[in-house]
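Knowing the structure of chain A, use the given hints to seat chain B on it.
Which chain is which? The protein sequence lines are A and B, in order.
Counting from 1, position 152 in the first sequence corresponds to residue 157 in our numbering; the numbering is continuous, with no gaps.
Counting from 1, position 120 in the second sequence corresponds to residue 125 in our numbering; the numbering is continuous, with no gaps.
Worth flagging that the hints you see were computed from the coordinates, not collected in a lab.
On a predicted model such as this, the values are computed, not experimentally measured, just so you know.
Warning: the hint list may mix true and false statements.
Note that the list lumps identical chains together, so a pair holds whenever it fits in one copy or between two copies.
SDA-like, lysine to any residue: derived pairs with alpha carbons at most 25 Å apart [to be verified]:
hint : residue 1 : residue 2
1    : LYS241    : THR82
2    : LYS127    : PRO244
3    : LYS127    : GLU210
4    : LYS263    : MET80
5    : LYS241    : GLN121
6    : LYS241    : MET80
7    : LYS241    : THR190
8    : LYS127    : HIS176
9    : LYS127    : VAL240
10   : LYS158    : GLU210
11   : LYS162    : LEU123
12   : LYS127    : ASP242
13   : LYS241    : ARG119
14   : LYS241    : GLU125
15   : LYS127    : LEU245
16   : LYS26     : ASP59
17   : LYS127    : ILE243
2 protein chains.
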Amino acid sequence: MPKEKSVVTPWKVSKDIDYEKTSKEFGISKIDQLPEVFNKEILFRRKIVFAHRDIGKIINAIKEKKKFVMMTGLMPTGKLHIGHLLVAQQMIFYQKLGARLYITVADLEAYNARSQSLEESKQIAIDEYITNYAALGLKPEHCDIYFQSNRSKNAEKSNAYYRLQNLLSRHVTFAEFKAVYGDITPGKMLSSLLQASDMIHPQLEEFESLCPVIIPVGLDQDPHIRLARDITQRVKDIPLGQISSTYHFFVPGLSGGKMSSSDPTSFIALTDSAEEVKRKINKYAFSGGKDTLEEHRKYGGNPDIDISFIYLKMLFEQDDKKLAKIEKDYRSGKLLSGELKAIAIEKINSFLKDHQQKRSKVQLSKFIS
Amino acid sequence: MPKEKSVVTPWKVSKDIDYEKTSKEFGISKIDQLPEVFNKEILFRRKIVFAHRDIGKIINAIKEKKKFVMMTGLMPTGKLHIGHLLVAQQMIFYQKLGARLYITVADLEAYNARSQSLEESKQIAIDEYITNYAALGLKPEHCDIYFQSNRSKNAEKSNAYYRLQNLLSRHVTFAEFKAVYGDITPGKMLSSLLQASDMIHPQLEEFESLCPVIIPVGLDQDPHIRLARDITQRVKDIPLGQISSTYHFFVPGLSGGKMSSSDPTSFIALTDSAEEVKRKINKYAFSGGKDTLEEHRKYGGNPDIDISFIYLKMLFEQDDKKLAKIEKDYRSGKLLSGELKAIAIEKINSFLKDHQQKRSKVQLSKFIS
Numbered sequence: 006m007p008k009e010k011s012v013v014t015p016w017k018v019s020k021d022i023d024y025e026k027t028s029k030e031f032g033i034s035k036i037d038q039l040p041e042v043f044n045k046e047i048l049f050r051r052k053i054v055f056a057h058r059d060i061g062k063i064i065n066a067i068k069e070k071k072k073f074v075m076m077t078g079l080m081p082t083g084k085l086h087i088g089h090l091l092v093a094q095q096m097i098f099y100q101k102l103g104a105r106l107y108i109t110v111a112d113l114e115a116y117n118a119r120s121q122s123l124e125e126s127k128q129i130a131i132d133e134y135i136t137n138y139a140a141l142g143l144k145p146e147h148c149d150i151y152f153q154s155n156r157s158k159n160a161e162k163s164n165a166y167y168r169l170q171n172l173l174s175r176h177v178t179f180a181e182f183k184a185v186y187g188d189i190t191p192g193k194m195l196s197s198l199l200q201a202s203d204m205i206h207p208q209l210e211e212f213e214s215l216c217p218v219i220i221p222v223g224l225d226q227d228p229h230i231r232l233a234r235d236i237t238q239r240v241k242d243i244p245l246g247q248i249s250s251t252y253h254f255f256v257p258g259l260s261g262g263k264m265s266s267s268d269p270t271s272f273i274a275l276t277d278s279a280e281e282v283k284r285k286i287n288k289y290a291f292s293g294g295k296d297t298l299e300e301h302r303k304y305g306g307n308p309d310i311d312i313s314f315i316y317l318k319m320l321f322e323q324d325d326k327k328l329a330k331i332e333k334d335y336r337s338g339k340l341l342s343g344e345l346k347a348i349a350i351e352k353i354n355s356f357l358k359d360h361q362q363k364r365s366k367v368q369l370s371k372f373i374s
Numbered sequence: 006m007p008k009e010k011s012v013v014t015p016w017k018v019s020k021d022i023d024y025e026k027t028s029k030e031f032g033i034s035k036i037d038q039l040p041e042v043f044n045k046e047i048l049f050r051r052k053i054v055f056a057h058r059d060i061g062k063i064i065n066a067i068k069e070k071k072k073f074v075m076m077t078g079l080m081p082t083g084k085l086h087i088g089h090l091l092v093a094q095q096m097i098f099y100q101k102l103g104a105r106l107y108i109t110v111a112d113l114e115a116y117n118a119r120s121q122s123l124e125e126s127k128q129i130a131i132d133e134y135i136t137n138y139a140a141l142g143l144k145p146e147h148c149d150i151y152f153q154s155n156r157s158k159n160a161e162k163s164n165a166y167y168r169l170q171n172l173l174s175r176h177v178t179f180a181e182f183k184a185v186y187g188d189i190t191p192g193k194m195l196s197s198l199l200q201a202s203d204m205i206h207p208q209l210e211e212f213e214s215l216c217p218v219i220i221p222v223g224l225d226q227d228p229h230i231r232l233a234r235d236i237t238q239r240v241k242d243i244p245l246g247q248i249s250s251t252y253h254f255f256v257p258g259l260s261g262g263k264m265s266s267s268d269p270t271s272f273i274a275l276t277d278s279a280e281e282v283k284r285k286i287n288k289y290a291f292s293g294g295k296d297t298l299e300e301h302r303k304y305g306g307n308p309d310i311d312i313s314f315i316y317l318k319m320l321f322e323q324d325d326k327k328l329a330k331i332e333k334d335y336r337s338g339k340l341l342s343g344e345l346k347a348i349a350i351e352k353i354n355s356f357l358k359d360h361q362q363k364r365s366k367v368q369l370s371k372f373i374s
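Looking at chain A on its own, in the form it has when it is part of the complex (with noise of 0.2 Å):
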């Protein structure tokens, strides 16, 4: 058999990506300088959102106080883990900005490309995504937050978010499908013109009017962000801007690899107890550090792949001098592979004990059609 290409499509994604590589191809620009603001979210600060296309649209809104809009989409499948976090973090970050947020439960894409029933799908989203959210500290009032398959509870907005879906289509080939997502079936084109709609209406008239709009996505989303780019250009009959975007590292899974919903060996849930968490950190956790114990106090631990470690700094360790010291002192041998795994179990544990009691008094039934 032969190696297994590096795929980057949003059907599949391979283990090893080479992010450098990837982005390079796609046309993706490296992040370097961004304003001040950003830097308080350590995902900016640390480079876990590594890359963009047209983020100077987003940073001139900023800066003058204009209209823009965050938008993203949750796929309504399996429990919420800490791989979600990235997405969720800058959702707060860019609300707290002034950000208009659209968020679409992709039922529809659910229903074609999984077969799970609309009911399904709209209970996961609730119970699972939209009430973590809300207990992370996103406001859903301030949101507009819709199913693919029932857009809008105002009759304008629907016709012109469905509208476009169609329109889309006579600006795209079969060639250009194909190219970006291999294999393609009829309800993977719908959900895929429908996916173009959601990055695009936010600026019909029915919705914003033309304003920027930023996506952060991970790079395995790219192609999608391309074609509606793509189709953005050909479309003259319609006032649209470009999208722009930001692509975040994945937080990898507890063995490496992508963290993935349906294999929980993979992942740490947001619902997740202390002892399940204690557990899979010292049972699956991929360590950096050395096999025995004289060899790590001479050699030191590899932080860079240890998933301890790689936890704490895109998500649990806010201060960057205590993480600073963890590397260090992990580098140098000097903090043992157990030590670094009772302090990423801590860490975690606060937070989701934190975060688990604030999801408990969540109530959200309003915001949600």
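Okay, now just chain B, sitting in the frame of chain A:
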């Protein structure tokens, strides 16, 4: 060059359709006996509506005075011509029988397949189509007339209609699209799925709920019917009955073949003046008469291929006895081609004069969104 094959798809209709063969291939049944009420309409009495699928459901609904829907669409391009009268007559016929009428303006299909703007489609649909339908006797206030791009002022209805388009896409394959349509583009595919939603959605609970739906079409539209029926059979999570359809012959163009909006020498428009009608029939209408007066008197003419006679039979001579006499006299050679044309001109102009007067009085604005 090989001889063009007889192809029956909505995108292309060859001139020499073999109706018998095609309807047999597609599993359509010939219409035999219909309840007496149908025979008031010459289209049924004279077997111009010649075949069907599942018409029994409609007959039952009429007999039992139960709710049923007649669904039809219009492509808003060109002028309304006498070829369009076939469907218009059936609309009026079924409305009188108590059907709820659904009429879709295929403006998204016009956008995707013909690059026509939605604005232009709207204007043509109202000025050319709906106004003429109303003048012909349709009561727009009892119809659900809508644009594909703007389904309803009621958000629940709009969401349900476009949701269905998206849900249906899971239940169809590319191979089926290709088998039915030949070449297919994303734009055509979306249009085709939206048309399936047009045909199926009256049965949704947001509209009429489960009830029979009759869709009168030319044989060239049957691929749409088959596709909608095939999909309907596969959808298990929405209560849907099977749609019914009838098939009518085309009104032939003046020189034979199909009457086409894009060829003014092929049609008589509902806005044509008496002079234009006279000129067109005399100049272009294919005649079944013999080449010389002597031969005609001796051998007689052939009404079966005579366009003037066909127009009288399909549309303009309601009186069976008068029609039979014309046919007999023409076949015997007693009636000359010029005389037959004069009869047709007189009947058509009498119809158009009356129609154009009615049309000038139609006030429509309140029925169209």
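Violating hint indices (sorted, rising):
Of the numbered hints, all hold.
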